[in-house]
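J.: Residue-level listing of the chains:
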Amino acid sequence: MALDTAPATDVEIVDERRPRDFSRLPWTSFVIITVLVVVAVFAPLIATHSPTEQSLPDKLKPPAWQEGGSTEHVLGTDMLGRDLFSRLVYGARVSLTVAMFALLSGGLIGLAIGIVAGYVGGRTDSVLMRVVDATLTFPTILIALLLAVSLGAGLRTIVLAITVIIWARFARVVRGEVLGVKTRDFVALARVHGCSDLRIMAIHIVPNVMNTFMVLLTLHIGFVIIVEASLSFLGAGIPPPTPSWGQMVADGRSHIASAWWLAALPGAAIMLVVLAFNLFGDWLRDWLDPRLRQV
Amino acid sequence: MRISIHLVLVGAMALLALVAGAGPATAQDKDTLVIALDTLGAMVMDPIADTRAPHAHYHAPIWDSLVGFDLEKGGIGPGVAEKWERSPDGKSWTFHLRKGLKFHNGDPVTAHDVKFSLERIMLPESISSGAAALRRAVASIEVLDDHTVRVYTKGVIPHFAASLSRAVFMEGSVMPKKYIEAVGTKGFREKPIGSGPWKFVRLVPGDRIEYEAVGTPHWRGTPQFKKLTLLLVPEQSTRIAMVRTGEASIVSIGPEAIKEAQAGGMKVVSVPGTMQAVYQFWGLYRPEVKGSPLTDIRVREALSLAVDRQQIIDHVMAKQARWPLPFTTYRYSIDVDIPRWEAWAKKALRYDPARARQLLAEAGHPNGFKMTFWNTALPGTPFMVQIGEALAGFWEKIGVKVDMKTVEWGVFDPMGRGEQKGLVGTASMYRTAGRPEPSPRYQTTLTSSGIQHLLGDPKECPAVCQEIDKVYEAAVSEKDDAKRAAAMNKMTELAANTWVVVPIIEGMGYWAVNPKRVGQFKPIPGRHEFGDVAERMPRPEQKPWN
Amino acid sequence: MQRFIVRRLLQSLVVLVVLALVIFALARVTGNPADLLLPEDATRDDREHLLKALGLDRPVHEQLARYLKGAVTGDLGTSIRYRKPAVEVFFERLPNTLALVGIALAGAVAVSIPLGLLAAVYRGTIIDRVSGMIAVLGIATPSFWLGIVLIYVFSIQLGWLPSARMGGPLHYVLPTITLGAFLVAGLMRLVRSSVLEVLDTEYVKLARIKGLSQTVVIWKHALRNALIPVVTLFGVLFALLVTGAIVTETVFAWPGVGRLTYEAVIFRDYPLLQAVILMKAIIVLGVNLCVDILYAYLDPRVRYA
Numbered sequence: 001m002a003l004d005t006a007p008a009t010d011v012e013i014v015d016e017r018r019p020r021d022f023s024r025l026p027w028t029s030f031v032i033i034t035v036l037v038v039v040a041v042f043a044p045l046i047a048t049h050s051p052t053e054q055s056l057p058d059k060l061k062p063p064a065w066q067e068g069g070s071t072e073h074v075l076g077t078d079m080l081g082r083d084l085f086s087r088l089v090y091g092a093r094v095s096l097t098v099a100m101f102a103l104l105s106g107g108l109i110g111l112a113i114g115i116v117a118g119y120v121g122g123r124t125d126s127v128l129m130r131v132v133d134a135t136l137t138f139p140t141i142l143i144a145l146l147l148a149v150s151l152g153a154g155l156r157t158i159v160l161a162i163t164v165i166i167w168a169r170f171a172r173v174v175r176g177e178v179l180g181v182k183t184r185d186f187v188a189l190a191r192v193h194g195c196s197d198l199r200i201m202a203i204h205i206v207p208n209v210m211n212t213f214m215v216l217l218t219l220h221i222g223f224v225i226i227v228e229a230s231l232s233f234l235g236a237g238i239p240p241p242t243p244s245w246g247q248m249v250a251d252g253r254s255h256i257a258s259a260w261w262l263a264a265l266p267g268a269a270i271m272l273v274v275l276a277f278n279l280f281g282d283w284l285r286d287w288l289d290p291r292l293r294q295v
Numbered sequence: 001m002r003i004s005i006h007l008v009l010v011g012a013m014a015l016l017a018l019v020a021g022a023g024p025a026t027a028q029d030k031d032t033l034v035i036a037l038d039t040l041g042a043m044v045m046d047p048i049a050d051t052r053a054p055h056a057h058y059h060a061p062i063w064d065s066l067v068g069f070d071l072e073k074g075g076i077g078p079g080v081a082e083k084w085e086r087s088p089d090g091k092s093w094t095f096h097l098r099k100g101l102k103f104h105n106g107d108p109v110t111a112h113d114v115k116f117s118l119e120r121i122m123l124p125e126s127i128s129s130g131a132a133a134l135r136r137a138v139a140s141i142e143v144l145d146d147h148t149v150r151v152y153t154k155g156v157i158p159h160f161a162a163s164l165s166r167a168v169f170m171e172g173s174v175m176p177k178k179y180i181e182a183v184g185t186k187g188f189r190e191k192p193i194g195s196g197p198w199k200f201v202r203l204v205p206g207d208r209i210e211y212e213a214v215g216t217p218h219w220r221g222t223p224q225f226k227k228l229t230l231l232l233v234p235e236q237s238t239r240i241a242m243v244r245t246g247e248a249s250i251v252s253i254g255p256e257a258i259k260e261a262q263a264g265g266m267k268v269v270s271v272p273g274t275m276q277a278v279y280q281f282w283g284l285y286r287p288e289v290k291g292s293p294l295t296d297i298r299v300r301e302a303l304s305l306a307v308d309r310q311q312i313i314d315h316v317m318a319k320q321a322r323w324p325l326p327f328t329t330y331r332y333s334i335d336v337d338i339p340r341w342e343a344w345a346k347k348a349l350r351y352d353p354a355r356a357r358q359l360l361a362e363a364g365h366p367n368g369f370k371m372t373f374w375n376t377a378l379p380g381t382p383f384m385v386q387i388g389e390a391l392a393g394f395w396e397k398i399g400v401k402v403d404m405k406t407v408e409w410g411v412f413d414p415m416g417r418g419e420q421k422g423l424v425g426t427a428s429m430y431r432t433a434g435r436p437e438p439s440p441r442y443q444t445t446l447t448s449s450g451i452q453h454l455l456g457d458p459k460e461c462p463a464v465c466q467e468i469d470k471v472y473e474a475a476v477s478e479k480d481d482a483k484r485a486a487a488m489n490k491m492t493e494l495a496a497n498t499w500v501v502v503p504i505i506e507g508m509g510y511w512a513v514n515p516k517r518v519g520q521f522k523p524i525p526g527r528h529e530f531g532d533v534a535e536r537m538p539r540p541e542q543k544p545w546n
Numbered sequence: 001m002q003r004f005i006v007r008r009l010l011q012s013l014v015v016l017v018v019l020a021l022v023i024f025a026l027a028r029v030t031g032n033p034a035d036l037l038l039p040e041d042a043t044r045d046d047r048e049h050l051l052k053a054l055g056l057d058r059p060v061h062e063q064l065a066r067y068l069k070g071a072v073t074g075d076l077g078t079s080i081r082y083r084k085p086a087v088e089v090f091f092e093r094l095p096n097t098l099a100l101v102g103i104a105l106a107g108a109v110a111v112s113i114p115l116g117l118l119a120a121v122y123r124g125t126i127i128d129r130v131s132g133m134i135a136v137l138g139i140a141t142p143s144f145w146l147g148i149v150l151i152y153v154f155s156i157q158l159g160w161l162p163s164a165r166m167g168g169p170l171h172y173v174l175p176t177i178t179l180g181a182f183l184v185a186g187l188m189r190l191v192r193s194s195v196l197e198v199l200d201t202e203y204v205k206l207a208r209i210k211g212l213s214q215t216v217v218i219w220k221h222a223l224r225n226a227l228i229p230v231v232t233l234f235g236v237l238f239a240l241l242v243t244g245a246i247v248t249e250t251v252f253a254w255p256g257v258g259r260l261t262y263e264a265v266i267f268r269d270y271p272l273l274q275a276v277i278l279m280k281a282i283i284v285l286g287v288n289l290c291v292d293i294l295y296a297y298l299d300p301r302v303r304y305a
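Chains as they are written, first to last, in our numbering: chain W, 1 to 295; chain V, 1 to 546; chain P, 1 to 305.
Read the hints as simulated data drawn from the structure, not as lab findings. Just so you know, these numbers come straight off a predicted model, no measurement behind them. The hints are all genuine.
Derived CB-CB ranges, DEER-like:
1. V:Asp403 x W:Asp197: 46 to 52 Å
2. W:Trp260 x V:Ala482: 54 to 60 Å
3. P:Ile282 x W:Trp260: 39 to 45 Å
4. W:Thr34 x P:Val22: 39 to 45 Å
5. W:Trp260 x V:Arg340: 43 to 49 Å
6. P:Phe91 x V:Asp107: 31 to 37 Å
7. P:Met1 x V:Leu123: 55 to 61 Å
The beta-carbon is built from N, C-alpha and C at its ideal position, and this holds for glycine as well.
Construct all of the structure, not just a fragment, from the sequences and the given hints.
T.: Listed below in structure tokens is the structure:
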């Protein structure tokens, strides 16, 4: 539509009320997240051993700074003699991969459905929201368990399970945002100009819910990592020998008194990463638009 | 206003919680023996309503078995029946019961109760593990007098008496005829009575079962504790916490937790001969896997030689496991020449990677090959998964590429039935439970009519499959003891030489014990569960741990 | 008003029906319980026999018909493992979970409100940051890990608290902390922003000008606003806890419906699994419905949303 090339004010997302707050940048979070990404991407270069190579006689060695430890295995070994540091490093890869795939698929589906439901309204909205309700009522861990048990545990299953769990959350929040956005002037203007609904949704609505979407993404990374850990505890996580932090904590829980490093180190990694992403998400939300406090 | 309503709701729930939750706390007193387990099965107080292992945990205290245990060696011994004999034609068994036994309500234990019990176990709604086998075996039951019972079998079943022992199944549970006929099944399950050393007190669903000792001496052993409580605690680290704090006297653990338990000052009791971890190959006789390396017996032998069993025993099982005997053979097995097979096992199951590589090269695979391996753990023995991982590691070392698929038992088990679609041409972990008689397991695994039929099925039964079928028939129906023993040993030899089902280690049942709450006791070899041991556990001051 | 109630009721019913069908399908996809009950050396005949005894040999559509018919009359089948009506098994354990959830919720609220208030009043200072971090720790720790560590520290090492199982008031401490920890982060953040909003309004500024002491201002106005998000989320939080208690109940050997659900999955106990999920959904939908109706009653604008 020729008239679509109207002034750019349509797609502004700047909030006129408050200036951006640059003062309290979350440096710690930035650093942790960067380290995580670097470690995950360059895992083969950073790890000292193969994460799956067993050496039974070397099992359950403590970290280097404890008595009985050695610099050969800086963070000790697990119950099959595998190097813990290398498993942590490769585990970062696994956690990030799961989070990425799961969040993207679940998030995008939720985004799409939320926009359609919010914008179109009426019957469609009602039906879609009922489906969302039904999904939210279903016990989350149970969905993942059932899938793991019927499809076999593995990366694909976990991604599928998490997708099923989070799309509904995204959809609900995005829909709420869309309800607000669609009353704005530029949307009415676009309609008056005769733009199709699809075009309006894609070009005008989407950018304006992007803030919410980004915040939701970052806030859910922690959730995904924790869900993966809980599934491993229940025996439905990513199966061995692939190292995953959640599985490592689950495996190490029988040894808290005798080999604390098995569960404590991956547990600490999980906590740090989730903490970092949450603080980052909080900051992002404040930075983008403090009105998003409902998210 | 709306806020206060909600606050009231939350507050009300919290109040309700405190009131409801102030239930009876665990009796931590010295008179109660507390055992925490990871499963209590269906928690139904009726021997015909649950399967073997849970029965041995929580039914055994209340109900006696017709045939009992050899407390020293494991295997069978006198039970409610003091002695029994098989008729000359081999088709009937006469059991002579002890005199003077009483049920918890005072009724005497007679042959009528035994007949009633056996028939009850064979009822269609019974899901006890060996009910089907019993139905196949029993033709009729006759009461000769108050203390003598005769069972007629369909055909000759050399070790029928063993199947009535809790060492094998729980088919021999003696239940009270008059009582059950009076109150019906529902009444029986609500207020169960038996003739065992412990009486039923209470069952709290999902939480625990409480028993108390009968006041009089008992032939199984007179309980030294006034009460017995079985707790359901599914999480192992929690069980260890409970035994350390003294909330439990004894808890079940896996071998990986042994160090953990000892670190806390607990004693570890390992019951020998409770199971055998094995790996096996499926459907190798099928035409569609003809070209596979696994069909070559040299390859299979090589795979066994590549496994360092001693390392698995020392490191995966924390030294709490033993060198195995042949498949499904234990030191208390009947009809088997133990010394011969001990010697065989030392040599044939040794660690010899050089010879393994040699065999692989001879078979035409000097650079190894690819193989699919299903790693799984049956209920109660989660350490099988670690053993499977160790196996894969050993095979990788001699050049075999292992595609390991770790699956939950509930997913793997159905695959092994029917067409065995996903399993043909692959290997998997498996296990066999400790029983004094090897033949039932041979039937299941190696004969053509068995559910696993690893060597051949009724449609496709090559030479070795037919030989096994023949020898099996001889082993189970031969009346003459010497001939039967010979057949049994022949079957063991045939099975061992196929290298299709290979023992890895002989495992144990592991328990952590708080020495301040219970004294030193001796478990029954081959019997993981303590349902028949609780009455012989002493108090800590009676027999302190050394 | 009535139209609103009827509408919401119908919507909830639709959700339930959909759920019931989905569960029926899912449960059967996961495998056969008979295989898990049979011993290793069972024969083919044994298996058929067991299937017949459990009613699993009927074709699927017959099972579905029986299921739906039973659902309407309140009979959700007999648990394969416990040999009792599934609904009975569920209700035996339900009070235990409700007790746990109730106290966990109360505890989380009790901790979030002061934390959120502090963070809001001292906004931007170190107190704000630290409160935030404490709260986020709750979501950053996998609950099973938290539970196990708590048991190790407070039960084994210090001996202050019992390690597991349901019992007297002391038995509630660790499980409710484990269950409620992850709620604190979200709740606290909401309390904080609600309070912030109120602190900004003209009304409060006016009160301050009038000379009322800071404390009075805060307590009277801010606190009431702090409670609003808690109340709004009541239904959601309740649902979260009831459905999420699986891990906590397993770690602490709590005889509740969370563990029951997990076991039903592992043992493929279809009737029990179906019953448990349906009943949980009914409870959650029921609570949400009540909350919605209450709101509609109090705020007429909501009725036409």
